[in-house]
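Going down the list, the protein sequences come from chains L and X. Going by this note's numbering, the residue at position 37 of the first sequence is 37; the numbering climbs one at a time, nothing skipped. Going by this note's numbering, the residue at position 130 of the second sequence is 130; the numbering climbs one at a time, nothing skipped.
What the hints contain is simulated information worked out from the structure, not anything from laboratory work. Just so you know, nobody snuck in bad clues.
The list treats identical chains as interchangeable, and a pair is accepted whether it falls inside one copy or across any two copies.
Lysine to any residue pairs mimicking SDA-like chemistry, simulated, CA-CA at most 25 Å apart:
(1) K112 / E244
(2) K145 / S192
(3) K169 / D106
(4) K184 / Y75
(5) K185 / N128
(6) K73 / Q103
(7) K185 / Y77
Listed below are the residues making up each chain.
Protein chains: 2
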Amino acid sequence: MRRFNAIATALLVILAACKNGNSENKVPGEEKTKLSVPPKIVDLTHSFSDETVYWVTSREFELDTVFEGHTDKGYYYSAFNFTTAEHGGTHLDAPIHFAENRQSVDQVPLEKLVGPAVKIDVSSNALNNRDYLITKEDFIDWETKNNMQLPQGVIVLLETGHSRYYPDKEKYLGTAKRGEAAVKKLHFPGISTEAANWLVEERNINAIGIDTPSIDYGQSEDFESHVILLGQNIPAFENLTNLEELPAYGFQVVALPMKIEGGSGAPLRIIALLEH
Amino acid sequence: MRRFNAIATALLVILAACKNGNSENKVPGEEKTKLSVPPKIVDLTHSFSDETVYWVTSREFELDTVFEGHTDKGYYYSAFNFTTAEHGGTHLDAPIHFAENRQSVDQVPLEKLVGPAVKIDVSSNALNNRDYLITKEDFIDWETKNNMQLPQGVIVLLETGHSRYYPDKEKYLGTAKRGEAAVKKLHFPGISTEAANWLVEERNINAIGIDTPSIDYGQSEDFESHVILLGQNIPAFENLTNLEELPAYGFQVVALPMKIEGGSGAPLRIIALLEH
Numbered sequence: 001m002r003r004f005n006a007i008a009t010a011l012l013v014i015l016a017a018c019k020n021g022n023s024e025n026k027v028p029g030e031e032k033t034k035l036s037v038p039p040k041i042v043d044l045t046h047s048f049s050d051e052t053v054y055w056v057t058s059r060e061f062e063l064d065t066v067f068e069g070h071t072d073k074g075y076y077y078s079a080f081n082f083t084t085a086e087h088g089g090t091h092l093d094a095p096i097h098f099a100e101n102r103q104s105v106d107q108v109p110l111e112k113l114v115g116p117a118v119k120i121d122v123s124s125n126a127l128n129n130r131d132y133l134i135t136k137e138d139f140i141d142w143e144t145k146n147n148m149q150l151p152q153g154v155i156v157l158l159e160t161g162h163s164r165y166y167p168d169k170e171k172y173l174g175t176a177k178r179g180e181a182a183v184k185k186l187h188f189p190g191i192s193t194e195a196a197n198w199l200v201e202e203r204n205i206n207a208i209g210i211d212t213p214s215i216d217y218g219q220s221e222d223f224e225s226h227v228i229l230l231g232q233n234i235p236a237f238e239n240l241t242n243l244e245e246l247p248a249y250g251f252q253v254v255a256l257p258m259k260i261e262g263g264s265g266a267p268l269r270i271i272a273l274l275e276h
Numbered sequence: 001m002r003r004f005n006a007i008a009t010a011l012l013v014i015l016a017a018c019k020n021g022n023s024e025n026k027v028p029g030e031e032k033t034k035l036s037v038p039p040k041i042v043d044l045t046h047s048f049s050d051e052t053v054y055w056v057t058s059r060e061f062e063l064d065t066v067f068e069g070h071t072d073k074g075y076y077y078s079a080f081n082f083t084t085a086e087h088g089g090t091h092l093d094a095p096i097h098f099a100e101n102r103q104s105v106d107q108v109p110l111e112k113l114v115g116p117a118v119k120i121d122v123s124s125n126a127l128n129n130r131d132y133l134i135t136k137e138d139f140i141d142w143e144t145k146n147n148m149q150l151p152q153g154v155i156v157l158l159e160t161g162h163s164r165y166y167p168d169k170e171k172y173l174g175t176a177k178r179g180e181a182a183v184k185k186l187h188f189p190g191i192s193t194e195a196a197n198w199l200v201e202e203r204n205i206n207a208i209g210i211d212t213p214s215i216d217y218g219q220s221e222d223f224e225s226h227v228i229l230l231g232q233n234i235p236a237f238e239n240l241t242n243l244e245e246l247p248a249y250g251f252q253v254v255a256l257p258m259k260i261e262g263g264s265g266a267p268l269r270i271i272a273l274l275e276h
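Here chain L stands alone, though its shape is the one from the complex (with noise of 0.2 Å):
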């Protein structure tokens, strides 16, 4: 059996072991009493804060108090409102951000952001060149490596490890001003138009995630990248973090984006499942 097959009938075994467990006797309380050994979890998320990266030209984050105190009822009792640009920090793109009439982030299959995935690690090129752009031959030299394919829907994570560079903007974005004048000042790696050609015509991914602001290298002025690959209906992860610790395969991906109808991205919360 191979491995992604491997993760699927896996899977199947969980929920089948769930289901019949029931038929087995049980003693009421006993399986409080047993120590579980979940996966480990990484949070691959940047929080929401006056601090988080946005677009030069977009609005950032603002948390606003509605109550924050002791209230006459003698309860304690706080809640906040917010207002964002739905790119900005750890952040979707669905298809729609580039490709008229395609899905919006409501309508993303949730089946194309939970399963399998692959990191591969561009950072000894990236963190030397931060107008890198992440070549096809990266991604052939990972398959050459791990001796595989880039299987049939994984979800792609690509390190450049620029998220040590994050919230610094001068160093993550390429410069610390805003506005539209700022827009020719931004630096950081991407992905080259000829593998992001190569990934929907050679390969069939799920999905695709960065640890940069955009699947686009800084210095682009048609995002071609993002043209090319929610073109094919596959959507964009942004602004990850702690990639780091995950293997080059061998891993989960469940990444939620919050359910904006119509929307063309969202904040999103993207962990993986991994063995301890």
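Based on these hints, arrange chain X on the given structure of chain L.
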């Protein structure tokens, strides 16, 4: 092996299968042709839109268009900003919402939000009484019927059946009016104080969810079930949907809130994973 222990073991089986796969003889590309059978995913989340149900005094969801159409450069582009209260639609209540100095939403451990879950169906009582208070006996009845105690660390979902009324505010909240004067008109089921106390004193659950606007019923004035449960660092999921698609047990829940630093709650995307 008991059911919930089996789940944890099987999760390790997945990951081991994943990892060990590497030592087998692989033919590049072979995986690509294999059929995988992932678990069924049920989305327990309402979408955010101008129909989203909020507390009668809370700020509602608002989506503002930044750009939508073809750009000068030739590519299509759409992007939006949004504003919302933390507590509206399908969302998480963090302990600090009703308990001073407790966990904010970014501090809630992911281990409490991911794992085996049970569903307790109280709809036969709750659909006949919009002020229904879920009792300790409802939990004990579930335990008797399923021949087990609520397992340690389980996520408990409560099905009142009231999500069928969403987003009709008159039927779901008890009133379509808004503002302070409408608070007294709220009518929907919640958890009794006695049941909340029993849960924290006699059982050890990780999280609790319900398909109504609040874990306290609409007529509550002091929100005691919030104070009791959140006070014990048990986060709550509110305004869930699709619970009728779940069995009594034998499934996993993944509940991922937007990671708002210091937030008292957040929009939540919550899914269940189960056997086909």
